[in-house]
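Student: Here's the letter readout for the chains.
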Amino acid sequence: MAILDSKIPSGPLADKWRKHKIDIKLVNPANKRKYHVVVVGAGLAGASAAASLADLGYQVTCVVFHDSPRRAHSIAAQGGINAAKNYQNDGDSVYRLFYDTIKGGDYRAREANVHRLAEVSVNIIDQCAALGVPFAREYGGLLANRSFGGAQVSRTFYARGQTGQQLLLGAYSSLSRCVGQGTVKLVTEHEMNDLVVVDGHAKGIIARDLKTGKLVRLAADAVILATGGYGNVFNLSTYARGSNTTAIWRAYKRGACFANPCYTQIHPTCIPVSGDYQSKLTLMSESLRNDGRIWVPKNKADVKKAPADIPEADRDYFLERIYPSFGNLAPRDVSSRAAKRMCDEGRGVGETGLGVYLDFADAIQRYGKQAAARANLHDVSPAKILELGEAAVAERYGNLFDIYKEITDESAYKQPMRIYPAVHYTMGGLWVDYNLMSNLPGLFVLGEANFSDHGANRLGASALMQGLADGFFVVPYTIGDYLAGQKPGGRPSIDHAAFAAAEKNVADLVAKLLSIKGKEPVSHYHKRLGKIMWDYCGMSRTKEGLTRAIAEIQALKKEFWSNVNIPGSAESLNQALEKAGRVADFIELGELMCRDALTREESCGGHFREEYQHPDGECKRDDEKFAHVAAWEFQGEGSEPLRNVEPLNYETVKMSVRSYK
Amino acid sequence: MVASIPSSTPISITLRVWRQAGPNQPGRFVEYPAKNLNPNMSFLEMLDVVNDGLEAKGEEPIAFAHDCREGICGTCSLVINGKPHGPHRGIASCQTYMRSFNDGDVIVVEPYRAKPFPVVRDLITDRSAFDAIQQAGGFITVRPGSAPDANAIPVPKDAADLAMDAAQCIGCGACVAACKNASAMLFVSAKVGHLGLLPQGQAERDSRVLNMVAKMDELGFGNCTNQYECSAACPKLISHDFIARMNRDYLGATFRQAFKPKSNAAGGGA
Numbered sequence: 068m069a070i071l072d073s074k075i076p077s078g079p080l081a082d083k084w085r086k087h088k089i090d091i092k093l094v095n096p097a098n099k100r101k102y103h104v105v106v107v108g109a110g111l112a113g114a115s116a117a118a119s120l121a122d123l124g125y126q127v128t129c130v131v132f133h134d135s136p137r138r139a140h141s142i143a144a145q146g147g148i149n150a151a152k153n154y155q156n157d158g159d160s161v162y163r164l165f166y167d168t169i170k171g172g173d174y175r176a177r178e179a180n181v182h183r184l185a186e187v188s189v190n191i192i193d194q195c196a197a198l199g200v201p202f203a204r205e206y207g208g209l210l211a212n213r214s215f216g217g218a219q220v221s222r223t224f225y226a227r228g229q230t231g232q233q234l235l236l237g238a239y240s241s242l243s244r245c246v247g248q249g250t251v252k253l254v255t256e257h258e259m260n261d262l263v264v265v266d267g268h269a270k271g272i273i274a275r276d277l278k279t280g281k282l283v284r285l286a287a288d289a290v291i292l293a294t295g296g297y298g299n300v301f302n303l304s305t306y307a308r309g310s311n312t313t314a315i316w317r318a319y320k321r322g323a324c325f326a327n328p329c330y331t332q333i334h335p336t337c338i339p340v341s342g343d344y345q346s347k348l349t350l351m352s353e354s355l356r357n358d359g360r361i362w363v364p365k366n367k368a369d370v371k372k373a374p375a376d377i378p379e380a381d382r383d384y385f386l387e388r389i390y391p392s393f394g395n396l397a398p399r400d401v402s403s404r405a406a407k408r409m410c411d412e413g414r415g416v417g418e419t420g421l422g423v424y425l426d427f428a429d430a431i432q433r434y435g436k437q438a439a440a441r442a443n444l445h446d447v448s449p450a451k452i453l454e455l456g457e458a459a460v461a462e463r464y465g466n467l468f469d470i471y472k473e474i475t476d477e478s479a480y481k482q483p484m485r486i487y488p489a490v491h492y493t494m495g496g497l498w499v500d501y502n503l504m505s506n507l508p509g510l511f512v513l514g515e516a517n518f519s520d521h522g523a524n525r526l527g528a529s530a531l532m533q534g535l536a537d538g539f540f541v542v543p544y545t546i547g548d549y550l551a552g553q554k555p556g557g558r559p560s561i562d563h564a565a566f567a568a569a570e571k572n573v574a575d576l577v578a579k580l581l582s583i584k585g586k587e588p589v590s591h592y593h594k595r596l597g598k599i600m601w602d603y604c605g606m607s608r609t610k611e612g613l614t615r616a617i618a619e620i621q622a623l624k625k626e627f628w629s630n631v632n633i634p635g636s637a638e639s640l641n642q643a644l645e646k647a648g649r650v651a652d653f654i655e656l657g658e659l660m661c662r663d664a665l666t667r668e669e670s671c672g673g674h675f676r677e678e679y680q681h682p683d684g685e686c687k688r689d690d691e692k693f694a695h696v697a698a699w700e701f702q703g704e705g706s707e708p709l710r711n712v713e714p715l716n717y718e719t720v721k722m723s724v725r726s727y728k
Numbered sequence: 323m324v325a326s327i328p329s330s331t332p333i334s335i336t337l338r339v340w341r342q343a344g345p346n347q348p349g350r351f352v353e354y355p356a357k358n359l360n361p362n363m364s365f366l367e368m369l370d371v372v373n374d375g376l377e378a379k380g381e382e383p384i385a386f387a388h389d390c391r392e393g394i395c396g397t398c399s400l401v402i403n404g405k406p407h408g409p410h411r412g413i414a415s416c417q418t419y420m421r422s423f424n425d426g427d428v429i430v431v432e433p434y435r436a437k438p439f440p441v442v443r444d445l446i447t448d449r450s451a452f453d454a455i456q457q458a459g460g461f462i463t464v465r466p467g468s469a470p471d472a473n474a475i476p477v478p479k480d481a482a483d484l485a486m487d488a489a490q491c492i493g494c495g496a497c498v499a500a501c502k503n504a505s506a507m508l509f510v511s512a513k514v515g516h517l518g519l520l521p522q523g524q525a526e527r528d529s530r531v532l533n534m535v536a537k538m539d540e541l542g543f544g545n546c547t548n549q550y551e552c553s554a555a556c557p558k559l560i561s562h563d564f565i566a567r568m569n570r571d572y573l574g575a576t577f578r579q580a581f582k583p584k585s586n587a588a589g590g591g592a
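Protein chains in written order, with my numbering: chain A, 68 to 728; chain F, 323 to 592.
Be aware that a few hints might be false.
What the hints assert, rightly or not - Some, not all, of what chain A presents toward chain F, calculated at C-beta under 10 angstroms:
#, residue
1, Ala143
2, Phe202
3, Ala307
4, Asn443
5, His445
6, Phe539
7, Val589
8, Ser590
Claimed, not checked - Lysine-lysine pairs mimicking PhoX-like chemistry, simulated, CA-CA at most 20 angstroms apart:
#, chain 1, residue 1, chain 2, residue 2
9, A, Lys584, A, Lys554
10, A, Lys594, A, Lys281
11, A, Lys436, A, Lys481
12, F, Lys437, F, Lys502
13, A, Lys594, A, Lys625
14, A, Lys584, F, Lys379
15, F, Lys502, F, Lys479
16, F, Lys379, A, Lys586
17, A, Lys610, A, Lys586
18, F, Lys379, A, Lys579
19, A, Lys594, F, Lys379
20, A, Lys624, A, Lys586
Don't read these hints as lab results, they were simulated from the structure. Source: prediction; values computed, not measured. Heads up, the beta-carbon is just placed ideally off N, CA and C, and yes, glycines get one too.
If we strip away everything but chain A, and leave its shape as in the complex, we get (with noise of 0.2 angstroms):
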């Protein structure tokens, strides 16, 4: 049984993370030469966390399987990031953050580490202007924010709708420079394939060249894995198709806790599903309910008419009627939960009836009339004040309105936007903890791949303020904790027993991927695995399908090893067979997931379970009996995991029925 020390410090809330600071060792900056840190991944968390421990003067290796280290997911975030620096005046702080992402998470989250990222984001703002992030600013110079979700005050920082990918390149401009430098040494285009563990401790890598299939060893004094969430296990979701779960999987198969893996976010705003050669779903940013309005006709008679022949009394704004005090920004889970059940009833739109409108008419008029009144114009006509309007709308939502454009082509400045929830973010990953170090010393987890920080549900805007966090400002500290235990540069030798062995695990994998021949490509078993997760282990979830779910998911990985069929060999760039190692771990994963789901029996943030619902259909939470991270402890295979608990003290915040109403 594993061990679950979540190491948070005592103390009244705000003092915690100074007071830690305080506490934990230091490793004195000739020592910090000697050690060498494995950083796999270089998105937010990644990059940011292997340019600061190289300032800091460690010896860092970054491992990525792209081909540069810029084109990590991250990238693709569009609407902003979260910071509590009240510039807009509007009572906005530390605690109030806190809150909101505590409450948005629907009290699953550990307090004393919410507390840190809400501390920690003013200065992640600060680092990022410093590093030529281009925010948007307001005439005088100064930033702009904008609201989000579950937020009452403008908090969100933003450059137009590409958000991520500003402060990715930040990051990897500051990763570049250490590279440059010589502090970092980069290796794109490997593929951590399995961990290597030396008497407990977390002690390097395999990785497998990519081009040559050369599988490489990487002993560290101390691994860092910073691999991005596992939402691809759905097949269809909004990350990029190379996302995966393998890095954090096979640290799992080496003892690594998986930590609340059923905590799936599902966005409520992205483009519907057209076909079944579809890839990969398009993500309509958050940002866009600052002045969207979400409706469906209020008869189920009227959802095959054109929109603009519904009128205004024939329409069913609900997240405004259901939620009055958030309105159109109600927070994710709830908000996709709503436009459920909206086609539940029957009133969904578009083809299939699996689709909501996302309406900008009323903001193109407003925004059309203040044009018109700043440009001192009057008596102006409809047409030229929806010329204005539309302007004013292209200038903040303008490249997601040409997404939207490309692959729908229709006009949202001219029709609503059909939109309908997709698998976007996973709030479960490794359990680490609060130094980010998961129950096998040595191996730290920062970003979407633990768990730590959003519970049942994250909030618009915190993920990357919790990727940079993470490398930024905190495993920076913590990393020094664990490695002024360990002696300087002793690190065990590759020729180590323990990495011949991991070594062979990996080549023995990829030989029998290669021996099975089937007949059926990687793909089919992808989406086979999709459909079970989406249907039984998505939005809604029961005990009865659940239990069906595992079933079919064991069958299914049954099937996929002996029919399988992987062209190619295992010494060349072969993409059938990466797809096939990424798949064939998210099958196993996926049968986790539904375990996780199925055992816990309440219904939280992004877990909602049909049997705990309060009459209007709201998650209803059981705090006696699950008030608690359960993080799964690998068996071995064939063997039941084991379900480890930790408990969740709130010593500050009152759990309570979270309402948005």
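With chain A fixed as given, assemble chain F onto it according to the hints.
Tutor: Showing chain F alone in chain A's frame:
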């Protein structure tokens, strides 16, 4: 499953694709039929379908680079009918849809052809030269924890907006592929322009442009001869004005480098 987009008549096309097993091996065009395609599928989804068919037969799939499939990661890099990223302006290969083609079309798909971007396999090229240029100077040096309050450095809105226009570069390399000289001037000038327009970027402005341009030349990228195919092929439509801006910066930096007095005491204090 869900369908929001009106379905339309399926089309059939013939692909003429560059196949090359490895960096130093000869390549050739191979034809593959692709039948009954939904015009709403993306170009890469069409390749997925063709590859699934090949894999099921035990043939090696067409290797192509892709990841986010929403035009922001810069991984996809196809030359479709002779144009980097295909027939439309201002989008990446992954945002090209089959509705842009007609039933019966023969579509030629190639990798980028540029000396600094050698072919890895089939349609994949090695673009690590771009990373090397960034490493030479595409940054502002800031140690974490040492930054002043973000609002302590006001940035005029138009400077921030123009910097953002340049900063949008996705590093895909289409500018190089489109240029007859395989010049990387648009890529380099986008980073030089982005950081040089901001007050934060001034301290290293000269060294940045000098080092990045030197690295670009060293890696074998050609010169700019002002035809602006780069901007036309750029999925973010980054303006060639940034090239002119970089040339001015480079010239100024070269003079300052030559005539600026230098301190004898390099490095820190005791």
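Student: Taking the hints in turn, state whether each one holds.
Tutor: Hints versus structure:
no., hint, in the structure
1, Ala143, "holds, 5 angstroms"
2, Phe202, "holds, 7 angstroms"
3, Ala307, "holds, 4 angstroms"
4, Asn443, "violated, 21 angstroms"
5, His445, "violated, 28 angstroms"
6, Phe539, "holds, 4 angstroms"
7, Val589, "holds, 7 angstroms"
8, Ser590, "holds, 5 angstroms"
9, Lys584(A) / Lys554(A), "violated, 48 angstroms"
10, Lys594(A) / Lys281(A), "violated, 29 angstroms"
11, Lys436(A) / Lys481(A), "holds, 17 angstroms"
12, Lys437(F) / Lys502(F), "holds, 11 angstroms"
13, Lys594(A) / Lys625(A), "holds, 16 angstroms"
14, Lys584(A) / Lys379(F), "holds, 10 angstroms"
15, Lys502(F) / Lys479(F), "violated, 36 angstroms"
16, Lys379(F) / Lys586(A), "holds, 8 angstroms"
17, Lys610(A) / Lys586(A), "violated, 34 angstroms"
18, Lys379(F) / Lys579(A), "holds, 19 angstroms"
19, Lys594(A) / Lys379(F), "holds, 19 angstroms"
20, Lys624(A) / Lys586(A), "holds, 15 angstroms"
In summary, the numbered hints that this structure violates are 4, 5, 9, 10, 15 and 17.
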